Amino acid sequence: MSAVQSAMSSLVERLWYGRKRPLAFLAPLSWLYRSIAEARRRAAWDARDVSLPVPVIVVGNITAGGTGKSPLTAWLVSALASDGWRPVILSRGYGGDAGQYPLEVAAETSPSEAGDEPVMLALSTGCPVVVDPRRRRGADYALEKNLGDVLICDDGLQHYKLPRDLELSVFDGQRGIGNGALIPVGPLREPVSRLASVDFVIVNGKELSEQAMESFVGIDHPAIFSMILEPATLVHLKTGESRAVGDLRGKAVRAVAGIGNPARFFDTLRTLGADVTEAAFPDHHRFRPEDLNSDTDELIVMTAKDAVKCREFAPDNAWSLTVEARLPGPFRDAFLARVRQCSEPLTS
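Position in the sequence shown (from 1) plus 11 gives the number in this note's numbering.
Since the hints were made in silico from the structure, they are not lab data. Do not take every clue at face value.
Stated by the list, open to error - Here are the computed distance ranges between Cβ atoms for each label pair: (1) A38 / G284: 39 to 47 Å; (2) E252 / R337: 20 to 28 Å; (3) E252 / S46: 48 to 56 Å.
If you're wondering where the values come from, they're calculated on a predicted model, not measured in any experiment. C-beta: ideal position from N, C-alpha, C; glycine also.
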């Protein structure tokens, strides 16, 4: 399966993230996709309830695939908490099936119920996480239970039924907007013009690749900031032991990733000096014990998102690599100022 996934990932890279549009013959489907998406957006916007009594922050992206939304969400939680807020994370809970919603995530909640990202965020941030495919219902639950005073919706940019005060759109700094076309010709969920209505654009990467810079030409936004994901620690899946990421240098590593952009994870491990054998799986893959087979002299290293699904059956050589987002001071100041502004009562 990993070989098939790797081949599919390479194919997507060529079809969506090159300079050309080899799937241009599917343009009628892109037009249909855009028409349906815009119709759903208008309908949801018209039927949207009145604003909520606390600030609502939405983190998302206009491209398909992984961009770093969850690490950004964790960073926002930390920034808000340090400013005196009590944040709550709202999530759709993709990949989980709780049977009954809303679901308040606890440390022992199974990813099969809540989804992998909500469990990971609950463990890494320590703040309340509420899962509900109907995010407005999840928001009402959080407020009814007095779980916090600011709501952060993880991956909800296109969930227009949820009122929001701030929107953040995240991009992968290597990929940008790809070939700039809508699904299925390109990776865009919404046209680039959608960025005009978001409050902040966050680019995940120290700098844009040359190709990504070309793809961003014409995007004029007053608040574009760079985000860096830095490897933080290695955590043993069974014991919880922490080790320095420098311990990977020179080690044989079977890198396991069931995320939207596994290549970034593999590259990170190589940057740390590991001798990497890649094992890519589909995003939100439900791991089985046999997926973690390895040579006796290898370390298995996976993302924190994947690790929450493998805790019960992880072998003794399994570790997760945690990462931490770094954003510039001017973004922190601007973001917190906007949140405070959203919480101020309107004056006549």
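Each hint, compared with the structure:
1. A38 / G284: 39 to 47 Å: Because 45 Å falls inside the window, the suggested range holds.
2. E252 / R337: 20 to 28 Å: At 25 Å between Cβs, range holds.
3. E252 / S46: 48 to 56 Å: This hint holds: roughly 53 Å between Cβ atoms.
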